[in-house]
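K.L.:
Could you build the full structure based on these sequences and the hints that come with them?
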Amino acid sequence: MQASPFSPDCCSVSHKRPRPACPRPSPSTGVRSRAKTPPMNPSDLYESLRETVLAALAQIIPDLPAEIAARVEITPTKDTAHGDMATNAAMVSAKAARQPPGKIAATLAQRLTGGPAIATAEAAGPGFVNLRLHPGTFRALLPTILAAGESYGDSTAGAGTKINVEYVSANPTGPMHIGHCRGAVVGDALANLLHKAGYTVTKEYYINDAGAQVAALAWAAYWRYLQAIGSPMTEDAFAAAVPGGLQYKGEYLIAVGEALQAEFGPALATPDKTIAPAGLWLDTVKDRTIAAMMAEIRQDLRLLGVQQDIYSSERSLVASGAADTVIAGLEADGLIYEGVLEPPKGKTPDDWEPRPQTLFRSTQFGDDVDRPLRKSDGSNTYFANDIAYHADKIARGYDVLIDVLGADHGGYVPRMKAAVKAVSGGRVAFEAVLCQIVHIVKGGQPVRMSKRAGTYVTLRDLLDEVGKDAVRFAMLTRNADAQMEFDLDKVLATTRENPVFYVQYAHARCRSVLRAAADMFPDRPSTDLALASVATDSLDGDAELAVIRRLAQWPRIVQAAALAREPHRIAFFLYDLAADFHMLWNRGKDDTTLRFLQPDQPHQTLARLALVAATAIVIRSGLTVMGVTPVEEMR
RNA sequence: GCGCCCUUAGCUCAGCAGGAUAGAGCAACAGCCUUCUAAGCUGUGGGCCGGUGGUUCGAGUCCACCAGGGCGCGCCA
Numbered sequence: 336m337q338a339s340p341f342s343p344d345c346c347s348v349s350h351k352r353p354r355p356a357c358p359r360p361s362p363s364t365g366v367r368s369r370a371k372t373p374p375m376n377p378s379d380l381y382e383s384l385r386e387t388v389l390a391a392l393a394q395i396i397p398d399l400p401a402e403i404a405a406r407v408e409i410t411p412t413k414d415t416a417h418g419d420m421a422t423n424a425a426m427v428s429a430k431a432a433r434q435p436p437g438k439i440a441a442t443l444a445q446r447l448t449g450g451p452a453i454a455t456a457e458a459a460g461p462g463f464v465n466l467r468l469h470p471g472t473f474r475a476l477l478p479t480i481l482a483a484g485e486s487y488g489d490s491t492a493g494a495g496t497k498i499n500v501e502y503v504s505a506n507p508t509g510p511m512h513i514g515h516c517r518g519a520v521v522g523d524a525l526a527n528l529l530h531k532a533g534y535t536v537t538k539e540y541y542i543n544d545a546g547a548q549v550a551a552l553a554w555a556a557y558w559r560y561l562q563a564i565g566s567p568m569t570e571d572a573f574a575a576a577v578p579g580g581l582q583y584k585g586e587y588l589i590a591v592g593e594a595l596q597a598e599f600g601p602a603l604a605t606p607d608k609t610i611a612p613a614g615l616w617l618d619t620v621k622d623r624t625i626a627a628m629m630a631e632i633r634q635d636l637r638l639l640g641v642q643q644d645i646y647s648s649e650r651s652l653v654a655s656g657a658a659d660t661v662i663a664g665l666e667a668d669g670l671i672y673e674g675v676l677e678p679p680k681g682k683t684p685d686d687w688e689p690r691p692q693t694l695f696r697s698t699q700f701g702d703d704v705d706r707p708l709r710k711s712d713g714s715n716t717y718f719a720n721d722i723a724y725h726a727d728k729i730a731r732g733y734d735v736l737i738d739v740l741g742a743d744h745g746g747y748v749p750r751m752k753a754a755v756k757a758v759s760g761g762r763v764a765f766e767a768v769l770c771q772i773v774h775i776v777k778g779g780q781p782v783r784m785s786k787r788a789g790t791y792v793t794l795r796d797l798l799d800e801v802g803k804d805a806v807r808f809a810m811l812t813r814n815a816d817a818q819m820e821f822d823l824d825k826v827l828a829t830t831r832e833n834p835v836f837y838v839q840y841a842h843a844r845c846r847s848v849l850r851a852a853a854d855m856f857p858d859r860p861s862t863d864l865a866l867a868s869v870a871t872d873s874l875d876g877d878a879e880l881a882v883i884r885r886l887a888q889w890p891r892i893v894q895a896a897a898l899a900r901e902p903h904r905i906a907f908f909l910y911d912l913a914a915d916f917h918m919l920w921n922r923g924k925d926d927t928t929l930r931f932l933q934p935d936q937p938h939q940t941l942a943r944l945a946l947v948a949a950t951a952i953v954i955r956s957g958l959t960v961m962g963v964t965p966v967e968e969m970r
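Take any residue in the first sequence, note its place counting from 1, add 335, and you have its number in the numbering used here.
Hints may be right or wrong, so weigh each one.
To be verified - Below, in silico cross-link-like pairs of lysine-lysine (BS3-like), each with a Cα-Cα straight-line distance of 30 Å or less:
| id | residue 1 | residue 2 |
| --- | --- | --- |
| 1 | LYS710 | LYS680 |
| 2 | LYS497 | LYS438 |
| 3 | LYS680 | LYS756 |
| 4 | LYS756 | LYS777 |
| 5 | LYS413 | LYS438 |
| 6 | LYS756 | LYS497 |
| 7 | LYS497 | LYS803 |
| 8 | LYS777 | LYS584 |
Unchecked claim - Simulated restraints on C-beta separations:
| id | residue 1 | residue 2 | range |
| --- | --- | --- | --- |
| 9 | GLY565 | THR619 | 15 to 25 Å |
| 10 | ASP824 | THR619 | 43 to 53 Å |
| 11 | ALA730 | PRO857 | 53 to 63 Å |
Hints were generated in silico from the structure; no laboratory data involved. Note that this is a predicted model, so its numbers are computed, not measured. C-beta atoms are modelled at their ideal positions from N, C-alpha and C, and glycine is treated no differently.
P.N.:
Now the structure itself:
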């Protein structure tokens, strides 16, 4: 399903999964059961401060309900005049405590001031408590990051939850085009993100190789086969004989036709080299063509940096009888009946006529209307097979199924959600991430994709032109939910306005400094691990602390992005971190004593190297989630 | 006609599960730099968060209605 190869443009859109109001009780470890057993992550500074605040709050309000405590947040302040972090603890607990928030805030501030981590705490505004941390509290994070490496920021939020992310799932009817690539990138990055957040993740591709489209593809390949063996038929004559006409006229099938000729000789045609009865060749040609197309698609995906764990075939699902079994199961549950649907209001199709159909009672699970499972020729609808496919995933033990779909499939979501609920008995959650259309722009002009006009922009073309990293990063600089403009010129720009470049450049600069340091101080190991034990007290500049403050946010960004299923947040975080780092770097332009490497100041230099190395780790870690290569130097 | 999504600075977009004075880049304006830390730096101006009501101590964020844009609406996937 998803982005059919006929979608006019590119990708698609987003979603809005009804997020479980209260993050769902969660099977084993509560995703959010922090009220009881907080999944303390010692390297998450915000989380540990939260524990401190909750402890202090519990002394002021001993009988504070757990659901109130769960709403207590520690957030970075927007304005450093307010300190480093703020908590809403007093405001959210005011009602339960029957005290004005200002009073609670004042008491809380008093208790928090002067702790091991907190320098000052003061009540402010409508009941915030602003926290100012000892600079040493932030600096202490550097050894933690350096020792943890790229595992810094890993979360335990998803522990015990198995998630299947299905994405791309393009019809195997041709090479991938730019319309597929947003879903591919978003799905892949989302899966990486969920993995980092502690979920057990499977990346999956559903091969839609059972429908009429694939039959049409086989006919088209057969035409190329006839050409390969020197058939006298004209294209028009052939097209007239094909049910539904000759589709898929792209040249990419020529090689398939030639391969068929090489394997079978003239055996698939009549002796006079015209169309043989379909029964003699259709399945064979279908097999070979689908295999060829999938090889093509997998190659395209590999070039995009996407490698899925499982490829499931709709065709084999049907052939194995699994689809029939699942439908029979629903029937046994009384969820299937023969009935006649009402025509849609306001827009009655021309050829509408009431007709009894085999229907699934999706309305029992929140859908608008019941949905047909069989076509008039007796075969399954796409939906019917998709139910079976999702039932298969459910049987494989996942707790959450996420489908990354094109926006044009938004209407499909409620019925699939209903089906998953029905099949799993409500145990498994179904979520959809919808990707909006991407408009490709080049030189200020829209690049239209039209098969008829022959301007069929393939993913391969796009990758050749701008490269995998730029494509992936750019696709993640916008919420999947919203339409996006992809400017081919801008993603190649080497300026700050190109986030791909800007972030890559920050990482390259970090690495460059570390390489230079190795030359400058050959006797002082500058590995991450060695730097974890250097004294960092000299890091007290505003720009230096700004970078560390940013690094401290990484774990909460990962967790929030994973929970919201929004991988684009990683891209924005990296951009901000890169900006902080570049600013620090630029300080050294005017004032050379602020440069990282000071040949006569080894201790100060090592402290700065610790900061640089930690920054590189977090950038690398974020880029890895996005599937973008962290480069060592800019070329 | 119905349903879902979107609407934030001139432009492209953020806004982290309702929190303080709504942010960034580009463009504009004003300075600085001409560097081997190349692919600039610093600062300024710029907003009725589509509109109107509502819920709340507090709304860009939640609810209702309206307007504009996108997608979908039986045997296509």
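K.L.:
Confirm or reject each hint.
P.N.:
Each hint, compared with the structure:
| no. | hint | verdict |
| --- | --- | --- |
| 1 | LYS710 x LYS680 | 22 Å, holds |
| 2 | LYS497 x LYS438 | 44 Å, violated |
| 3 | LYS680 x LYS756 | 27 Å, holds |
| 4 | LYS756 x LYS777 | 44 Å, violated |
| 5 | LYS413 x LYS438 | 24 Å, holds |
| 6 | LYS756 x LYS497 | 17 Å, holds |
| 7 | LYS497 x LYS803 | 29 Å, holds |
| 8 | LYS777 x LYS584 | 27 Å, holds |
| 9 | GLY565 x THR619: 15 to 25 Å | 20 Å, holds |
| 10 | ASP824 x THR619: 43 to 53 Å | 46 Å, holds |
| 11 | ALA730 x PRO857: 53 to 63 Å | 59 Å, holds |
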